[in-house]
Amino acid sequence: MTDTLHEDGIYFGMSDEEYHADPALGSTGLKKLIGNAPDFWWDSPMNPARDDDDDTPAKIFGRQLHMCVLEGVEKFKENHAAYVNPGNVKAGKDEIAAIVAAGKVPVKFKDYSKILAASAFIKANKTLARAFEGGQPEVSVFWTVNGIRYKARFDYLQINSIVDLKSIENRSDKEFKQACRDAMASYDYIVSAGHYSDGRRQMKGLFRAGKVFGLPEGQEDWLSKVVSNPVFAFVFVFWQKKGAPISHGIMLSPGNPLFDRAAERIAQAVENYRLFMGEFGTDTAWVPSTPLEEADETAFPVWYQQKLIGA
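Take 494 as the starting number for the sequence shown in our numbering and just add one per residue.
There's no promise every hint is true.
[To be verified] Listed next, the in silico DMTMM-like pairs over lysine to aspartate or glutamate satisfying Cα-Cα at most 20 Å (straight line):
#1 K552 / D604
#2 K704 / E511
#3 K734 / E668
I should point out that these hints are in silico values taken from the structure, not numbers from a laboratory.
Hey, can you work out the whole structure from these sequences and the hints?
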């Protein structure tokens, strides 16, 4: 994938691939910088030996699901069709060829059915039925603060909220709402909410400067209302990937103290970025020299401390 630099602005209709090709700091990079800055360098375009960001079946499925949920079932069906037979036998190859000839993307019947089911289940959840209505999907924002470039990509942008669609494996069969809360903690999703909200606040200045690209026709008034609204919520919509594709929403309302915690963590990430960039730059691996540490039982996990004392 070729690295691409975008000018600061609000972008509609940008492909997932093009967005990720820009090395500006996003929420994933910020999370790495908080706890393990060397990992940030290793996985970034600064590392010439980094692993290729190849497409995978999981990524393809995710994009197709996003289209169905964020842009609607009809849009998904216009662009995709299911094939029933295995793709390595003649019947399957014939199905795939016919689908491609019709200008659509072939999808395994099992995946196609799961995508439609997930979309239907989210719609059936009365609390979330309109979570992906009245706005625009996949809106990308690029901005610069104090010499550092940032980026954010909203799954769904509404006048009063940013909505982010997340999948959960729930391998431990936890109560689903608890599994969602655990995912919030495990993946530090409050940082995502804080960073995306920062990006949304940047939109007003970008809009006034005319830095808007690809805005769908007739959406000027809607965008004006979005950028003029300083009070908005951040909503995570979780859906269960294995088993019934049930859904649950977790919201950070304006003023939620978790936004303050997120701001602290983002500030730490930016501080680490400046520190490591200052010490190592872009061409040298970020390899910190840490002092030798004396083993201390109080630094071990609680379960091991208990084991040591025979508890």
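Verification of the supplied hints:
Note on K552 and D604: the hinted pairing holds, with a Cα-Cα distance of about 12 Å set against a maximum of 20 Å. Restraint check: the Cα-Cα separation between K704 and E511 comes to about 18 Å, which is no more than 20 Å; the hinted pair holds. Restraint check for K734 and E668: satisfied, since their Cα atoms lie roughly 14 Å apart, inside the 20 Å limit.
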